[in-house]
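Novice: Listed below are the residues making up each chain.
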Amino acid sequence: MSRPRWMPPVVPAQAGTQEAMACEGLRVTLGEREVLHGIDLRLARGRWTAVVGPNGAGKTTLLKALAHLLPHQGQVRLLGRDAGHWRPRERARALAWLGQAESGAEDLLARDVVMLGRLPHQDWRGAPGAADHAAVDAAMRETQCFDWRDRALGQLSGGERQRVLLARALAVGAPLLLMDEPLAHLDPPHQADWIALVRRHVARGGTAVSVLHEISLALQADDVLVLQDGRLTHHGASRDPATHRALEAVFDHRIAVHAVGAQFVALPHIQSGSDAHSSTLSRSED
Amino acid sequence: MVARRALQRPAPVGDGGARMTHSRPKIPAIWLLLASVLLCAAGMAVGSAGWEPLWQAQGSGISILWEIRLPRSLGAWTAGALLGLAGAVAQGLFRNPLADPYLLGSATGASLAVALLLAALGSASGVAGGWAARLGLTGAGFIGATVAVALTLVLARGVQHTLRLLLAGVIVGMVFGALSALVMFWVPEVMRAMQAFMLGTTGFLGWPAVSLLAVVLLVCLLAGIAFSRVLDALALGEATAASLGIAVGPARLVLVAVMALATGTAVAQLGLVAFIGLAAPHLVRSVVKTTHRWLLPLSALAGGALLLAADVLARGLLAPQELPVGVLTAVLGGGYLLVLMHRRPG
Numbered sequence: 002m003s004r005p006r007w008m009p010p011v012v013p014a015q016a017g018t019q020e021a022m023a024c025e026g027l028r029v030t031l032g033e034r035e036v037l038h039g040i041d042l043r044l045a046r047g048r049w050t051a052v053v054g055p056n057g058a059g060k061t062t063l064l065k066a067l068a069h070l071l072p073h074q075g076q077v078r079l080l081g082r083d084a085g086h087w088r089p090r091e092r093a094r095a096l097a098w099l100g101q102a103e104s105g106a107e108d109l110l111a112r113d114v115v116m117l118g119r120l121p122h123q124d125w126r127g128a129p130g131a132a133d134h135a136a137v138d139a140a141m142r143e144t145q146c147f148d149w150r151d152r153a154l155g156q157l158s159g160g161e162r163q164r165v166l167l168a169r170a171l172a173v174g175a176p177l178l179l180m181d182e183p184l185a186h187l188d189p190p191h192q193a194d195w196i197a198l199v200r201r202h203v204a205r206g207g208t209a210v211s212v213l214h215e216i217s218l219a220l221q222a223d224d225v226l227v228l229q230d231g232r233l234t235h236h237g238a239s240r241d242p243a244t245h246r247a248l249e250a251v252f253d254h255r256i257a258v259h260a261v262g263a264q265f266v267a268l269p270h271i272q273s274g275s276d277a278h279s280s281t282l283s284r285s286e287d
Numbered sequence: 409m410v411a412r413r414a415l416q417r418p419a420p421v422g423d424g425g426a427r428m429t430h431s432r433p434k435i436p437a438i439w440l441l442l443a444s445v446l447l448c449a450a451g452m453a454v455g456s457a458g459w460e461p462l463w464q465a466q467g468s469g470i471s472i473l474w475e476i477r478l479p480r481s482l483g484a485w486t487a488g489a490l491l492g493l494a495g496a497v498a499q500g501l502f503r504n505p506l507a508d509p510y511l512l513g514s515a516t517g518a519s520l521a522v523a524l525l526l527a528a529l530g531s532a533s534g535v536a537g538g539w540a541a542r543l544g545l546t547g548a549g550f551i552g553a554t555v556a557v558a559l560t561l562v563l564a565r566g567v568q569h570t571l572r573l574l575l576a577g578v579i580v581g582m583v584f585g586a587l588s589a590l591v592m593f594w595v596p597e598v599m600r601a602m603q604a605f606m607l608g609t610t611g612f613l614g615w616p617a618v619s620l621l622a623v624v625l626l627v628c629l630l631a632g633i634a635f636s637r638v639l640d641a642l643a644l645g646e647a648t649a650a651s652l653g654i655a656v657g658p659a660r661l662v663l664v665a666v667m668a669l670a671t672g673t674a675v676a677q678l679g680l681v682a683f684i685g686l687a688a689p690h691l692v693r694s695v696v697k698t699t700h701r702w703l704l705p706l707s708a709l710a711g712g713a714l715l716l717a718a719d720v721l722a723r724g725l726l727a728p729q730e731l732p733v734g735v736l737t738a739v740l741g742g743g744y745l746l747v748l749m750h751r752r753p754g
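First to last, the protein sequences are chains Z and P. Numbering-wise, the first sequence is residues 2 to 287 according to the working numbering. Numbering-wise, the second sequence is residues 409 to 754 according to the working numbering.
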C-alpha cells in the first residue's frame, strides 16, 4: 500500500489521533433560511466518515461549508488551521471536492476534465507537466476510466461520467477528499471499487468524507455522522450499536440495521417480514 | 517538448491518446486560416461591378483594392472574429450552448445610442454617410453597448449569479429595444439609417477601423486564453471551480469585460450582425472537442471566416446591388444551426 510517486506526501499520522477537519458553532444561512444551526464536529485523520440523514437535513450544506465553498458563521479548521487563513490554491491542493450530480462540460474530453484536478498545481499558464500527466493517468486507471480518455464527457453514460468526475477529484492528490453522493449512477461492482478506492486513500493517511444516501454503503465507512434538520444528532463508529440506533431513529424506524457476517446492512423495516428478509440475506451471503 | 514528456512519463501507454488530444485542434485551425486567406482574396475580387480577377487590377483599380476592398475584408474578418470569440466566452461563462454575445444587452444598448445620436443630429441628409458622423455613430454604438452591459451588471448586483445576470440582460435588452423603437416612432426620418445599423454592414470599414478591431481582438484573445482554464473549470460548476482554487467572482468579471469589449467594438463598427457569435463556437465544437484554450481562438477564426464569407456573398450575389450582410449571416447561420440540431443525437 505504498504511496504513488505523484501523490503529495501525507503527513504521517497515527490514524485517529490528529485532526483532519473540524468545525465549531458552524451556522449556514441559505437565502432567508438557516440550514445548519451550530454544528460542532471533529474528524480525525486517516478515517472515512459517511454523512447521512433524511432529505433536507443539511448534508450537502455541511460538506460545502467544510470545504469552504459557502459563506458561513463559526469556525472551520482544515488540518488544524482556520480554513479562512489558507490561500485558495493551497487549500485547493489540500482538499478535493466532488459535487453532487455535476452537469456540464459535455464538450470536454474525459482526459481534459481529469486534468482540471491538477489546476491547483499549475501556474496561471496552466501548462501540464510530467507529474500532472502521471497523476491524471493514475487517477483514471484507479477509477477505470482510462479507456475512454479521448471521449467527450457528453458521450459517456451516467456511470462512466461519474467515474471520470471521481478521477478528476482524485487527480488533485489532496489528503482531504470530500464527496457528495459519489455513488450516483454507479453499478454495484463500481460501488465496491469505489469503497476499495476510499479505503486505499485512508490507508495512505488521507481522510475522506462522503454524503451517502444508501445507508448500507454508509455503514462501510469508519464513522457515521447523522444529521437531522440542520443539527448533528449522532457521530460514532459505524460498527457501534448506538450508531445503528441513531440511524434507525433518524429515519423514523422505517429502516432497520442488521448484521450480515462481519458487515452491517440497512433494510426497509417492514413489520411482518423483517425476519424473512434477514434469513434470505444470510443465505445469499454464504 | 513532447519527446521530453514522453521520456519523463512513467506510463507510455497513455501517450498516444494525450498527443492526439492536444494536436487535433491544430488541423481545424489550419483549415480555418486557409479559408480566411482565400476568402480575403475573394473579398478583394468582389466590387460594385461584380467579380473582377485580382490580376487584372491596375491603376485606380489597385487603389480601390488597397483603400476599400482590403480594409473592408480584413475588417469584416476581424469583427467576425470578435463576435466568435465573444460567443465562445458567453457560452462558457453561462454554461449554455445557446448563449450569444448580445445576451448582456450590448446590442440593444448600441442601437439605442445610435438611434439617439441619429435623432439628435436630425434627419440631415448624409448623416449616415459622412465619415465624421460615422465616427460619431461608432463611438455612440460602443458607449451604448458598454452602458447597457454596465447597467445589466448593476441590476444583477454583480456577476455572482449567472441566472440573475441573464435575466438582467433580458430586461435591459427589452427596455432598450423598446426605447429605440420609440425613438424611431417619434423621429421616423432616422428609420432608414437605423435599419442599416440593425441589419449590419461592412461598407464603412476603413483602415482606422481595422486597426482598432485588430488591437481589441488581440487584447480580448490574450485575456480570454489567460482565463481559459477558468472557463473549463466553470463547466463543472461553480463549487468545483472554487474548490480548485479559482476566485470565481473576479475571474467572471474579467470574462464579462472581455465579452462586452469584443461585442461592443464589433457592434459599433458593423451594426447588429446576427448569429456569428452563436454559430461560430458550435461550428468549432462540431468538428473538435477541446478545452477553451483552443476553443476560444478557433471560435475567433471561425467567426472571422463566417462573417467574411457572408460579406463576400452579400457583395457578390446581386452585384452591383449589395445585400446587408446581417441578413445573410442570419439566413446562413440559422440554416447551419438547423442542420446541426438535426444531426445531434437525442
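Calculated directly from the structure, the hints in this document are not laboratory data. Mixed in with the good hints, there may be bad ones.
[Said to hold, decoys possible] Only pairs whose alpha carbons sit at most 25 Å apart, straight line, appear in this in silico SDA-like list of lysine to any residue:
#1 Lys434/P - Ile271/Z
#2 Lys434/P - Arg572/P
#3 Lys434/P - Ala131/Z
#4 Lys434/P - Ile633/P
#5 Lys434/P - Glu25/Z
#6 Lys434/P - Val695/P
#7 Lys434/P - Ala604/P
#8 Lys434/P - Leu543/P
#9 Lys434/P - Leu748/P
#10 Lys434/P - Trp125/Z
#11 Lys434/P - Leu680/P
#12 Lys434/P - Pro129/Z
#13 Lys434/P - Cys448/P
#14 Lys434/P - Val696/P
#15 Lys434/P - Val445/P
#16 Lys434/P - Leu575/P
#17 Lys434/P - Asp151/Z
#18 Lys434/P - Ala128/Z
#19 Lys434/P - Ala153/Z
#20 Lys434/P - Leu630/P
#21 Lys434/P - Leu725/P
#22 Lys434/P - Leu446/P
#23 Lys434/P - Asp148/Z
#24 Lys434/P - Asp124/Z
#25 Lys434/P - Ala655/P
#26 Lys434/P - Tyr744/P
#27 Lys434/P - Ser694/P
#28 Lys434/P - Ala250/Z
#29 Lys434/P - Gln156/Z
#30 Lys434/P - Leu745/P
#31 Lys434/P - Val739/P
#32 Lys434/P - Gly455/P
#33 Lys434/P - Arg152/Z
#34 Lys434/P - Arg78/Z
[Stated by the list, open to error] Chain P is nowhere near these chain Z residues, computed Cβ spacing over 10 Å in every case:
#35 Gly85
#36 Glu103
#37 Asp113
#38 Leu166
#39 Ala260
#40 Val261
On a predicted model such as this, the values are computed, not experimentally measured, just so you know. Ideal Cβ placement from N, Cα and C applies to all residues, glycine included.
Novice: Tell me if the straight-line CA distance from Lys434/P to Leu630/P falls inside 25 Å.
Specialist: Holds, because 18 Å separates the two Cα atoms, which is no more than 25 Å.
Novice: Check whether the Cα positions of Lys434/P and Trp125/Z lie no farther apart than 25 Å.
Specialist: holds (22 Å)
Novice: Verify the proposed pairing of Lys434/P with Leu680/P, using a straight-line Cα cut of 25 Å.
Specialist: With Cα atoms ~31 Å apart, Lys434/P and Leu680/P exceed 25 Å; violated.
Novice: Quick one, are Lys434/P and Ala604/P close enough, alpha carbons at most 25 Å?
Specialist: Judged against 25 Å, a Cα distance of about 37 Å means the pair is violated.
Novice: Between Lys434/P and Tyr744/P, does the CA-CA distance stay at or below 25 Å?
Specialist: holds (23 Å)
Novice: Is Val261/Z truly not at the interface, in the sense that its beta carbon sits beyond 10 Å from all beta carbons of chain P?
Specialist: At roughly 36 Å from the nearest Cβ of chain P, Val261/Z sits farther out than 10 Å, so the non-interface label holds.
Novice: Under the criterion that the straight-line Cα-Cα distance not exceed 25 Å, is the pair Lys434/P, Ala153/Z satisfied?
Specialist: Satisfied, since the Cα-Cα distance of roughly 18 Å is no more than 25 Å.
Novice: Would the hint linking Lys434/P and Cys448/P be met if the CA-CA limit is 25 Å?
Specialist: Holds, because 21 Å separates the two Cα atoms, which is no more than 25 Å.
Novice: For the pair we were handed, Lys434/P and Glu25/Z, check the Cα-Cα distance against 25 Å.
Specialist: Given that 25 Å is the threshold and the Cα spacing comes to 52 Å, the pair is violated.
Novice: Does Pro129/Z sit within 25 Å of Lys434/P, going by the straight-line distance between their CA atoms?
Specialist: holds (18 Å)
Novice: Can you confirm whether the C-alpha distance between Lys434/P and Arg152/Z stays at or below 25 Å?
Specialist: holds (18 Å)
Novice: Can you confirm whether the C-alpha distance between Lys434/P and Asp124/Z stays at or below 25 Å?
Specialist: holds (24 Å)
Hint check: violations occur at hints 1, 2, 5, 7, 8, 11, 16, 21, 25, 28, 31, 32, 34, 36, 37, 38; the rest are consistent with the structure.
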